[in-house]
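Asker: Residues per chain are reported as follows:
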Amino acid sequence: MERIAVSPRHDWKKTAEEHGFDFHSLEGDPYWDESAYYKFTLEQIEDELETAAENLEEVCFDIVDRVCGSEELMAKLAIPDEFRDYIADSWRGQEKNLYGRMDFCYDGKGPPKLYEYNADTPTSLYETSIFQWVWLEQAMERGLIPKGCDQFNSLHEKLVAAFGKLGVDSTLTFACARDSLEDKGTIEYLADCARQGGLETQSLYMDEIGVDPEGHFTDLDDVTIPWLFKLYPWEWLLREEFARNIPGSGTHFIEPAWKAILSNKGFLPLLWEKNRSHPNLLPAYFEGDPEARALGDSFVKKPLYSREGWNVEVTVKGVTHAAKDGKYGAEGHILQAYQPLPDFGGVFPMCGVWLVASEPAGMCIREDRNIVTTDDARFIPHVILD
Amino acid sequence: MKRSRYVALLAMGASALALSACGESETPAGVYTSVDQCIADKQFSEADCRKAFDVAKEEHKKVAPKYASKTDCEADFGAGKCETAPYRTSSGGSTFMPLLVGYMMGRSMGGQSAFTPQPLYRTPGGTNFRTGDNRVVTNKTGLQSVPQSTTSSAFKSTTTSRGGFGRSGSVYGSTTSSGRTGSSSGG
Chain A
1 MERIAVSPRH DWKKTAEEHG FDFHSLEGDP YWDESAYYKF TLEQIEDELE
51 TAAENLEEVC FDIVDRVCGS EELMAKLAIP DEFRDYIADS WRGQEKNLYG
101 RMDFCYDGKG PPKLYEYNAD TPTSLYETSI FQWVWLEQAM ERGLIPKGCD
151 QFNSLHEKLV AAFGKLGVDS TLTFACARDS LEDKGTIEYL ADCARQGGLE
201 TQSLYMDEIG VDPEGHFTDL DDVTIPWLFK LYPWEWLLRE EFARNIPGSG
251 THFIEPAWKA ILSNKGFLPL LWEKNRSHPN LLPAYFEGDP EARALGDSFV
301 KKPLYSREGW NVEVTVKGVT HAAKDGKYGA EGHILQAYQP LPDFGGVFPM
351 CGVWLVASEP AGMCIREDRN IVTTDDARFI PHVILD
Chain B
1 MKRSRYVALL AMGASALALS ACGESETPAG VYTSVDQCIA DKQFSEADCR
51 KAFDVAKEEH KKVAPKYASK TDCEADFGAG KCETAPYRTS SGGSTFMPLL
101 VGYMMGRSMG GQSAFTPQPL YRTPGGTNFR TGDNRVVTNK TGLQSVPQST
151 TSSAFKSTTT SRGGFGRSGS VYGSTTSSGR TGSSSGG
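For the protein sequence lines, the chains are A and B, in the order given. Numbering-wise (our numbering), the first sequence opens with residue 1 and increments by one. Numbering-wise (our numbering), the second sequence opens with residue 1 and increments by one.
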């Protein structure tokens with residue numbers, strides 16, 4: 001694993017806009033950064049990152065199964081009482097999942113360590129799947145990088161194939177929160193994949209969803225929504241006014257409700273508890289667990305529900321670094337062993353491995369100048385070259 | 001090779017209108033007027049025929065068009081071709097719906113019908129089977145190619161309330177965010 005400086009394509013902004021990638025920069029700073037790329041060996045990709053993701057997915061499913069059979073564990077994850085059966089049913093009924101992203105700390109030498117699993121609403125999908133791929137092809141064509149490079153990135157093909165296998169038997173409705181250009185771009189991209197997979201789609205904002213007198217969810221034409229892809233976290237859905245309609249709605253959700261268990265940070269201590277010798281896991285405990293003392297004076301405190309690094313607090317040798325202050329944390333916290341990201345000359349890359357229908361499908365690298373990767377991180381492309 | 005052989009986008013950056021110009025796709029479906037007819041056709045197992053009919057009967061209650069008077073219903077579907085629906089009007093009166101005259105089911109995919117089995121209706125003198133929302137399916141029974149849109153489990157309803165989802169985004173997406181896109185639900 002190496003970080004290599006490279007000339008950006010002179011026309012990359014124009015290319016991005018032509019490809020509908022209109023959130024490539026914000027407030028003047030580029031989010032997409034092709035002034036460097038990371039080079040991996042095929043062995044690093046296949047034997048380390050891909051294998052880790054594949055194996056952890058199985059391990060995770062064992063824990064989901066365990067949580068679904070336990071009121072106590074559901075309570076530990078702060079899953080509202082009235083939805084526990086619904087979530088367990090979605091797991092036992094084998095409702096299909098579409099995608100997720102596991103974030104690893106990886107330096108190319110030791111085993112990748114799982115920071116967290118964004119199993120419910122992962123973003124940076126389009127830039128991984130399409131724009132990174134286009135960069136690779138063009139950069140090789142223009143001689144910016146060696147010929148014969150490959151990329152861990154069959155995300156697009158796998159998404160198209162997966163949509164065709166979800167069993168969707170009506171229009172698939174895509175919904176996201178209003179006011180986020182990135183979320184809107186993500187559902188537009190996914191809807192495009194779904195159409196290529198043979199489905200009919202429509203998109204709307206979460207606040208446009210209605211209910212009918214029998215409790216079905218409806219679209220803006222008052223037609224029921226039998227299939228809904230929601231780029232909207234389960235922990236938010238379950239705490240909103242229409243939540244009570246969910247179990248009786250007859251709507252199939254993608255991601256399914258059991259992802260509420262996987263995307264919860266409380267999942268990390270449960271994983272660790274049952275897999276203490278796993279090479280890809282970091283020790284993690286619920287806050288207040290006496291065993292957490294094993295972490296010593298360096299650890300990371302994360303709220304059960306947290307997104308994009310909000311309210312994540314890092315303590316190194318007893319000194320606590322201020323968290324990016326958001327509104328998460330009311331449901332409790334977990335503590336995870338402090339494992340700093342590798343330092344590649346003042347920048348800290350994190351490897352996100354994507355899974356589609358539970359199979360490893362690609363990778364994105366987000367680089368930060370801070371200790372905690374947040375939504376300020378920049379996206380750096382990667383290549384595979386032996 | 002570890003990357004996609006191609007990436008292609010249908011509509012991003014282009015007008016979504018281009019899509020509606022495409023011809024409608026068709027899908028195979030078994031169309032039958034009774035469970036016995038389905039079994040005799042031998043395209044589906046007896047168990048599948050029965051299960052699909054049971055589902056279609058349940059769907060029937062939901063998707064059949066509802067009328068406030070039996071006369072109105074019979075005007076559309078013919079004398080004696082309507083029944084009382086299991087719903088009341090808001091003032092407590094009975095509602096009526098056409099009788100189910102057939103059903104259609106999808107080819108089995110891993111033990112499940114490719115789509116939710118749907119009830120079918122027919123207008124007097126008409127030869128076509130129609131869905132609850134009045135889309136023409138086919139005029140023949142047996143294994144047929146039917147327009148994909150007719151196999152949809154969605155149905156026209158009425159909306160009594162909106163806006164019960166979507167508030168958390170504005171609560172958690174802090175205005176102090178220096179993030180690239182403001183409040184995102186992703187992570």
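Hints should not be assumed to be uniformly reliable.
In silico lysine to any residue, SDA-like type, Cα no more than 25 Å apart, as pairs [stated by the list, open to error]: (1) B:LYS51 - A:GLY93; (2) B:LYS61 - A:GLU214; (3) B:LYS51 - A:GLN94; (4) B:LYS156 - A:GLU141; (5) B:LYS156 - A:GLU241; (6) A:LYS76 - A:PHE253; (7) A:LYS76 - A:HIS278; (8) A:LYS165 - B:THR95; (9) B:LYS57 - A:LYS76; (10) A:LYS96 - B:ARG107; (11) B:LYS62 - A:GLN196; (12) A:LYS147 - B:LYS66; (13) A:LYS96 - A:ARG3; (14) B:LYS61 - B:THR95; (15) B:LYS62 - A:THR171; (16) B:LYS2 - A:GLN196; (17) B:LYS57 - A:THR251; (18) B:LYS2 - A:TYR38; (19) B:LYS57 - A:GLU27; (20) B:LYS51 - A:LEU166; (21) B:LYS66 - A:GLN196; (22) A:LYS165 - B:SER45; (23) B:LYS61 - A:ILE246; (24) A:LYS14 - B:SER45; (25) B:LYS156 - A:LYS113; (26) B:LYS2 - A:GLN202; (27) B:LYS2 - A:GLU141; (28) B:LYS2 - A:ALA161; (29) A:LYS113 - B:LYS2; (30) B:LYS66 - A:ASP212; (31) B:LYS2 - A:ARG3; (32) B:LYS57 - A:GLU240; (33) B:LYS62 - A:ASN245.
For the record, the hints were derived by calculation from the structure and aren't laboratory data.
Asker: Does each hint hold? Answer for all of them.
Answerer: Each hint, compared with the structure:
1. B:LYS51 - A:GLY93: With a Cα-Cα distance of about 18 Å, the restraint between LYS51 of chain B and GLY93 of chain A holds, given a limit of 25 Å.
2. B:LYS61 - A:GLU214: 12 Å, holds
3. B:LYS51 - A:GLN94: 20 Å, holds
4. B:LYS156 - A:GLU141: Given that 25 Å is the threshold and the Cα spacing comes to 51 Å, the pair is violated.
5. B:LYS156 - A:GLU241: 23 Å, holds
6. A:LYS76 - A:PHE253: 24 Å, holds
7. A:LYS76 - A:HIS278: OK: LYS76 of chain A and HIS278 of chain A at ~23 Å, within 25 Å.
8. A:LYS165 - B:THR95: Not satisfied, since the Cα-Cα distance of roughly 38 Å exceeds 25 Å.
9. B:LYS57 - A:LYS76: Judged against 25 Å, a Cα distance of about 42 Å means the pair is violated.
10. A:LYS96 - B:ARG107: 19 Å, holds
11. B:LYS62 - A:GLN196: Status violated; Cα separation ~31 Å.
12. A:LYS147 - B:LYS66: 65 Å, violated
13. A:LYS96 - A:ARG3: Distance of about 37 Å is beyond 25 Å: violated.
14. B:LYS61 - B:THR95: OK: LYS61 of chain B and THR95 of chain B at ~11 Å, within 25 Å.
15. B:LYS62 - A:THR171: 18 Å, holds
16. B:LYS2 - A:GLN196: It holds: about 21 Å lies between the C-alpha atoms, which stays within 25 Å.
17. B:LYS57 - A:THR251: 19 Å, holds
18. B:LYS2 - A:TYR38: Distance of about 16 Å is within 25 Å: holds.
19. B:LYS57 - A:GLU27: It is violated: about 57 Å lies between the C-alpha atoms, which goes past 25 Å.
20. B:LYS51 - A:LEU166: 21 Å, holds
21. B:LYS66 - A:GLN196: 36 Å, violated
22. A:LYS165 - B:SER45: Since the Cα atoms of LYS165 of chain A and SER45 of chain B sit roughly 22 Å apart, the hinted pair holds (cutoff 25 Å).
23. B:LYS61 - A:ILE246: Holds: LYS61 of chain B and ILE246 of chain A sit about 20 Å apart, inside 25 Å.
24. A:LYS14 - B:SER45: Violated, at roughly 57 Å.
25. B:LYS156 - A:LYS113: Violated, because 49 Å separates the two Cα atoms, which is more than 25 Å.
26. B:LYS2 - A:GLN202: 31 Å, violated
27. B:LYS2 - A:GLU141: It holds: about 18 Å lies between the C-alpha atoms, which stays within 25 Å.
28. B:LYS2 - A:ALA161: Satisfied, since the Cα-Cα distance of roughly 16 Å is no more than 25 Å.
29. A:LYS113 - B:LYS2: Holds. LYS113 of chain A to LYS2 of chain B sits at ~22 Å (cutoff 25 Å).
30. B:LYS66 - A:ASP212: 15 Å, holds
31. B:LYS2 - A:ARG3: Cα-Cα ~20 Å, so holds.
32. B:LYS57 - A:GLU240: 33 Å, violated
33. B:LYS62 - A:ASN245: 17 Å, holds
In this structure, the hints that do not hold are numbers 4, 8, 9, 11, 12, 13, 19, 21, 24, 25, 26 and 32, in rising order.
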